[in-house]
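Enquirer: Chain residues, written in single-letter form:
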Amino acid sequence: MTYSNSRNQSDSAIIDQDESVFNVEGVKVFYGGFMALLDVYLKIPDKQIIAFIGPSGCGKSTLLRCFNRMNDLIPGAKVEGRLNYRDRNIYDPKINSVKLRRQVGMVFQRPNPFPKSIYENIAFSPRANGYKGNIDELVEDSLRRAAIWNEVKDKLKEKGTALSGGQQQRLCIARAIAMKPDVLLMDEPCSALDPISSRQVEELCLELKQQYTIIMVTHNMQQASRVADFTAFFNTEIDEYGKRRGKLVEFNPTPQMFSYPQTKEAEDYISGRFG
Amino acid sequence: MSTSYQPDDSLDSSAEFTDNVESRETLGKVFEVLFLLGLLIGLFVLALLLFDIFRDGLGRFLSPGFLTETPSRFPDQGGIRPAIISSVLLGSVVILVTVPIGVGAALYLEEYAPKAWWTAIIEINISNLAGVPSIVYGLLGLGVFNYLLGFGPALISGALTLSLLSLPVIIVAAREAIRAVPDSLRNASYGLGVTKWKTISSHVLPYAVPGILTGVIISVSRAIGDAASLIVVGAVGFLTFNPGLFQRFMALPIQIYSYITRPEPGFASAAAATIIALLILILLLNGIAIYIRQRFSIS
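Each protein sequence line maps, in turn, to chains A and B.
Counted from 1, the first sequence has number 263 at position 263 by the numbering used here; the numbering is strictly sequential.
With positions in the second sequence counted from 1, the corresponding number in the numbering used here is that position plus 275.
Worth flagging that the hints you see were computed from the coordinates, not collected in a lab.
One thing to keep in mind: the hints can contain errors.
Claimed, not checked - Simulated coverage check for chain A against chain B, where a stretch passes if three residues somewhere in it have a Cβ under 8 Å from a Cβ of chain B:
#, segment
1, 120-128
2, 135-148
3, 205-217
Claimed, not checked - Straight-line Cα separation of at most 27 Å, DSSO-like style, residue types lysine-lysine; simulated pairs:
#, chain 1, residue 1, chain 2, residue 2
4, A, 116, B, 471
5, A, 264, A, 43
6, B, 471, A, 94
7, A, 94, A, 116
8, A, 132, B, 471
9, A, 94, B, 304
10, A, 94, B, 390
11, B, 304, A, 99
12, A, 28, B, 473
Since the structure is predicted, the reported quantities are computational estimates derived from the model, not experimental observations.
All residues carry an ideal CB built from backbone N, CA and C; glycine is no exception.
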């Protein structure tokens, strides 16, 4: 798939409630009693790439970490509002966050392979979750989908941490895919990579969106314009206590966001007059 | 090394900096030599100690039966077998008791307990306990194990007392090791839909094993070499049978103490020979720990 193809698709994409994977209804996030993210309303369409852009501290990573409840692991973090994943509120106390994270995989800013063999990196989580199929096949299939199989097939027993940064990140993507998730969250997946490795990860994302919904936080606006079908722009504002908090400013199909932004704030940010 | 000591001023910068790089580098050299001196003093004292002990004790250590016989009232007869068996048993029980409890406590504090005022108080207290003199633990052991639990002056009382002595150091070291596990590793595991316990057992603990083992070696070595607490709990200086868990016991440090309190000159070399045995035992323990650490080490 080429870059131009994906953009044509997104031109015609319509946000349809029935097709949305996530429906964010007034989500607020607090850290230690202070609001870090103001009410967000957002619908994440299925099988698309959604980019979150905005200056540092605007809450884009914070929101991303709500989708698989990784914020639960941060002491003092509190989430209010409804966040529906396929019509179930994932902040319902009855929802098991471990099960949710099997459906909503995550790729982190710094590649973080386990200090184990490449094979074990992929096989660990399926095995821990009682995968009934053939693990060898699953490992190969995941590595192929992550476009790294040819580079590692002869050294599956070597440590994942011995790979280059870009390979490590694709290994982490393969590891996430092995759990057969529905959604992939990516928190600045290319910010620690060189341009060639970034490009490979971007191409991989375009490949993967056939099967997965991808939500990606990025500081690189070219990257957002290249790969994302939709872009959400977040910004910061000062609250009544003089504290900075984040808010969602605009959410639109990427071509529209970058050519005809609806808000002054987004226009200023995208045209480089701000941030 | 440069052949000319003429300062080279061809790279001197403008007048805005006082360019005395040469003298500042000399200061660095002075400190390097001072630090080396510190190392040499430590090594010298250690070498002197080892030399003295081996000169006094090596002959007796190598004499037939020293490691395999029971003590005798004649300085050049008998051996230290009961003391060796006691010390090995004491060390084994200490490891078996303290590692699960210590690592468990450290895991709870680091991975489960909320970061609150009471965990901070517990943390300070554990660090303090690590510095309490061993004789105080001996009194505690005497009260709890000898009398309250009714074990009397048996090996198990001594072993449990030494376990109490070792626990704080193991907990502190294990906490440090667990804290040093990068959060990215935990996040990676949680992000894949892995449970907390599986994350800890598969990623956090293996990563922390080398650090935990360091703490275990330090504290068990200290326990094996400790005499004061065992004297309080009731270790004896003379034993003619192989001690069991619930029998009277001795230990290598106690044997050393017992030898040096005797007036006959021959006992001095017997004490030195026992010190050699104790050093070898601790060395063996370190060797095992280093071997395990190598096997687990993550690079």
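Enquirer: State for each hint whether it applies.
Expert: Hints versus structure:
1. Here's how the segment 120-128 of chain A fares: 3 of its residues keep a CB closer than 8 Å to some CB of chain B, so the rule of at least three is met and the hint holds.
2. Using a Cβ-Cβ cut-off of 8 Å, 0 residues of the segment 135-148 of chain A lie near chain B, which falls short of the minimum of three, so the contact claim is violated.
3. Counting residues of the segment 205-217 of chain A whose C-beta lies closer than 8 Å to any C-beta of chain B gives 0; at least three are required, and the coverage claim is violated.
4. Annotation: proposed proximity of residue 116 of chain A to residue 471 of chain B holds, straight-line Cα distance about 19 Å (limit 27 Å).
5. Under the criterion of a C-alpha separation no larger than 27 Å, the hint pairing residue 264 of chain A with residue 43 of chain A is consistent with the structure, at around 22 Å.
6. Straight-line distance between C-alpha atoms of residue 471 of chain B and residue 94 of chain A comes to about 18 Å, which keeps the hinted pair within the 27 Å bound.
7. A distance of roughly 34 Å separates the Cα atoms of residue 94 of chain A and residue 116 of chain A; the hinted pair therefore is violated under the 27 Å criterion.
8. Between the alpha carbons of residue 132 of chain A and residue 471 of chain B the distance comes to roughly 22 Å, so the proposed pair stays at or under 27 Å and holds.
9. The hinted pair formed by residue 94 of chain A and residue 304 of chain B fails the criterion: a straight-line CA distance of about 66 Å is larger than 27 Å.
10. In summary, the hint linking residue 94 of chain A to residue 390 of chain B is supported, as the alpha carbons are separated by about 25 Å, within the 27 Å threshold.
11. Of the supplied pair hints, the one linking residue 304 of chain B and residue 99 of chain A is violated, its CA atoms being roughly 60 Å apart against a limit of 27 Å.
12. For a cut-off of 27 Å, the pair hint linking residue 28 of chain A to residue 473 of chain B is broken: about 31 Å separates their Cα positions.
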